[in-house]
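Novice: If you want the building blocks of each chain, they are given just below.
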Amino acid sequence: MVSRLSFAGALARVFMWAFLLALVVVVVYPLLWMVLNGFKTNAELFGDPFALPVDWSFANYAKAWNRGVSGYLTTSVLVTVTSTVATVFVSAWAAYGLTRVDIPLNKVFTGLILGGLMLAPTVALVPLVKMFQSMGLYNSFWALLILYTAFRIPFTTFLIRAYMIDLPREVDEAAEMDGAGRWTAFWRIILPMCKPIITSVVLLQILFTWNEYLFAMVFTSGSGVQTLPVGLTSLMSKHGTEFPVVFAGMVIAAVPVVLLFLFGQRYIVKGLADGIGK
Amino acid sequence: MRAIIRLTWVVPALVLVGVFVYLPLVQNFGFSTLEWDIYSGSREYVGLDNYRKLLGDPVFWSSFGNNLLYAAISVAVQVFGALVLAALIESVRSERWRRGLRVVYFIPSAISLTVAGLLFYFLYEPNLGVLNHALEAAGLGHLAQAWLGQEDTAMLAVIAMSQWQGFGYSTLLFAVAIQRIPSEIYGAAAIDGTGPVRRFFSVTLPLVREMTGLMTMVTISGAFQVFNEVMVMTGGGPDNSTQVLGTWLYRSGFVRNDFGYAAAIATVLFVITLAVALAQLWVTSRRRVEW
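If you read the protein sequences in the order shown, they are chains A and B. Heads up, the final residue of the first sequence is numbered 278 in the working numbering, and it's a clean run with no missing numbers. Heads up, the final residue of the second sequence is numbered 569 in the working numbering, and it's a clean run with no missing numbers.
Please keep in mind that the hints were generated in silico from the structure rather than gathered at the bench. All C-beta atoms in this analysis are idealised placements derived from N, C-alpha and C, irrespective of residue type, glycine included. Accuracy of the hints is not assured; some may be wrong.
Cut-off 20 Å, straight-line C-alpha distance, at most; resulting in silico cross-link-like pairs (DMTMM-like, lysine to aspartate or glutamate) [what the hints assert, rightly or not]:
{"id": "1", "chain 1": "A", "residue 1": "K270", "chain 2": "B", "residue 2": "E322"}
{"id": "2", "chain 1": "A", "residue 1": "K238", "chain 2": "B", "residue 2": "E373"}
{"id": "3", "chain 1": "A", "residue 1": "K130", "chain 2": "B", "residue 2": "D517"}
{"id": "4", "chain 1": "A", "residue 1": "K270", "chain 2": "B", "residue 2": "E373"}
{"id": "5", "chain 1": "A", "residue 1": "K130", "chain 2": "B", "residue 2": "E322"}
{"id": "6", "chain 1": "A", "residue 1": "K270", "chain 2": "B", "residue 2": "E368"}
{"id": "7", "chain 1": "A", "residue 1": "K130", "chain 2": "B", "residue 2": "E488"}
{"id": "8", "chain 1": "B", "residue 1": "K331", "chain 2": "B", "residue 2": "E313"}
{"id": "9", "chain 1": "A", "residue 1": "K130", "chain 2": "B", "residue 2": "E313"}
Covered by chain A, per the in silico footprint, the following chain B stretches (three or more residues, Cβ under 8 Å) [what the hints assert, rightly or not]:
{"id": "10", "region": "324 to 333"}
{"id": "11", "region": "416 to 423"}
{"id": "12", "region": "512 to 521"}
Modelling step: build the complete structure from the supplied sequences, incorporating the hints.
Specialist: See below:
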């Protein structure tokens with residue numbers, strides 16, 4: 001009886017491992033295929049899609065780079081850095097005000113800021129286009145910076161606020177005893193104490209901004225202001241027959257965020273888990 | 279006076295969210311009652327005409343149906359499938375393997391939907407894509423087809439890509455939820471001689487119920503906001519068969535210049551996503567009462 005049970009158990013484990021490893025292949029193979037195709041020539045690509053590249057030259061990467069990817073990458077980096085700084089500071093100020101400063105109508109303001117979490121960006125699309133056109137910011141870097149900041153403040157404030165609530169009151173009292181004003185207390189004491197959650201929200205904001213497509217596609221058209229996700233589709237439609245160049249562009253867009261995830265996974269996972277159910 | 283000075287802490291956030299998140303939402307209701315050509319600039323109040331047009335528009339309904347299909351498949355795969363997968367991963371004894379599997383499965387979620395969408399566009403491509411070649415190699419050549427080029431396979435092909443891209447994200451969150459289950463509970467179940475399958479149904483499932491509820495809401499809400507993957511892979515074609523509410527809104531407003539109609543579609547999206555968000559809020563607040 002016991003041996004039959006353990007045999008069934010062993011068999012179940014074999015099936016489980018077969019399934020888990022098959023899934024690894026399903027995830028990894030397409031990514032590997034993408035990387036390999038970035039090194040192929042068009043003839044190789046159409047000849048045998050399973051084959052390895054004949055010679056590993058970076059010619060496609062150079063072509064992709066010169067055909068616009070350098071510009072898309074620059075825009076992506078600029079928008080990502082500025083919107084991350086803006087989102088995190090504005091959200092941290094708000095979280096500090098909502099949790100540690102006695103402000104009137106606190107509950108109302110908390111509800112208003114966090115309530116933004118419930119609204120889908122798609123819903124605001126038509127009026128936003130109109131608004132940015134009348135402000136003269138349509139098809140500009142500013143449109144993306146403003147939108148990526150405004151639409152991420154609710155989520156970011158939510159996470160930082162939840163963290164600040166748990167910081168002990170004595171911290172503020174100690175700061176007051178030292179004669180520190182609120183501004184100093186925020187910068188010197190509270191913000192440094194929030195470092196773990198700040199790291200999480202910074203990484204999540206980078207992932208979001210780097211990959212965002214809806215706003216980037218609707219609000220930018222010129223090549224000077226397009227980010228990578230939109231730029232890649234332009235690359236595809238402009239040089240559609242030279243697919244290896246497109247693959248090289250895709251790899252350039254994917255590598256930074258994959259590395260970011262691999263190195264920052266502890267903080268990313270923490271932020272995602274708290275963000276969904278705290 | 280001092281109270282007003284203290285308000286400066288929250289004013290930047292309030293202004294940004296108010297002007298760019300809430301105000302457009304309110305404006306959208308007004309826009310949806312207009313017949314509005316963006317280029318000629320002509321606007322005319324037409325009451326609920328855009329909503330009437332919506333009810334009679336077959337593409338609106340097929341888009342809505344596609345969102346529903348998207349939601350159903352995503353809930354099956356990315357909520358229930360991911361939950362089972364997370365339980366399997368957490369049953370692995372080696373911590374290194376557990377971590378490795380979680381990380382590998384998550385990688386597609388880190389790359390953008392644009393990259394994933396383009397990648398699958400190529401995988402499905404009949405000439406250079408590996409999918410058809412793999413089917414032929416496996417002796418299933420009769421199944422090889424232009425996956426994104428036919429009305430009856432295109433939507434499912436897009437949805438399949440989306441599952442590939444997103445399952446690791448929910449698996450990761452379920453794994454975190456399972457890790458938070460006190461190990462004594464599993465220990466007690468083991469002493470009772472409960473097998474792994476029983477343990478999943480009688481211990482894991484009830485204890486991650488809240489995460490399951492939240493993931494279901496998030497997944498449904500996401501399925502109704504689908505845009506990127508469809509735009510990149512099919513653009514809504516062939517013959518509007520992969521159109522979803524988001525892309526139909528875009529096409530109506532920005533390609534066919536019917537802004538009022540696009541705003542009406544946005545209102546429908548608003549109602550659906552708000553309802554789901556309120557359900558999510560309800561799930562979270564109920565927990566607070568329980569604990």
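Novice: When you check the alpha-carbon spacing of A/K270 and B/E373, does it fall within 20 Å?
Specialist: holds (18 Å)
Novice: Check whether the Cα positions of A/K130 and B/D517 lie no farther apart than 20 Å.
Specialist: violated (29 Å)
Novice: With a cut-off of 20 Å on the C-alpha distance, tell me whether A/K130 and B/E322 pass.
Specialist: Within the cut-off at roughly 16 Å; holds.
Novice: Three residues minimum, CB to CB under 8 Å: does the region 324 to 333 of chain B make the cut for coverage by chain A? Let me know.
Specialist: violated (count 0)
Novice: Run the distance test for A/K238 versus B/E373: straight-line Cα separation, threshold 20 Å.
Specialist: violated (47 Å)
Novice: Against the 20 Å threshold, does the CA-CA distance of B/K331 and B/E313 hold or violate the hint?
Specialist: holds (12 Å)
Novice: Need the status of pair A/K270, B/E322: alpha-carbon distance at most 20 Å?
Specialist: Violated. A/K270 to B/E322 sits at ~50 Å, over the 20 Å cutoff.
Novice: Given the hint that A/K130 pairs with B/E313, test it: the Cα-Cα distance must not exceed 20 Å.
Specialist: holds (15 Å)
Novice: Check whether the Cα positions of A/K130 and B/E488 lie no farther apart than 20 Å.
Specialist: violated (40 Å)
Novice: At a Cβ distance under 8 Å, does chain A reach at least three residues of the region 512 to 521 of chain B?
Specialist: violated (count 0)
Novice: Given the hinted pair A/K270 and B/E368, is their alpha-carbon gap at most 20 Å?
Specialist: holds (17 Å)
Novice: Three or more residues of the region 416 to 423 of chain B near chain A by CB distance under 8 Å?
Specialist: Violated - the region 416 to 423 of chain B has 0 residues with a Cβ nearer than 8 Å to chain A, which falls short of three.
Hints 1, 2, 3, 7, 10, 11, 12 from the earlier list are contradicted by this structure; the remaining hints agree with it.
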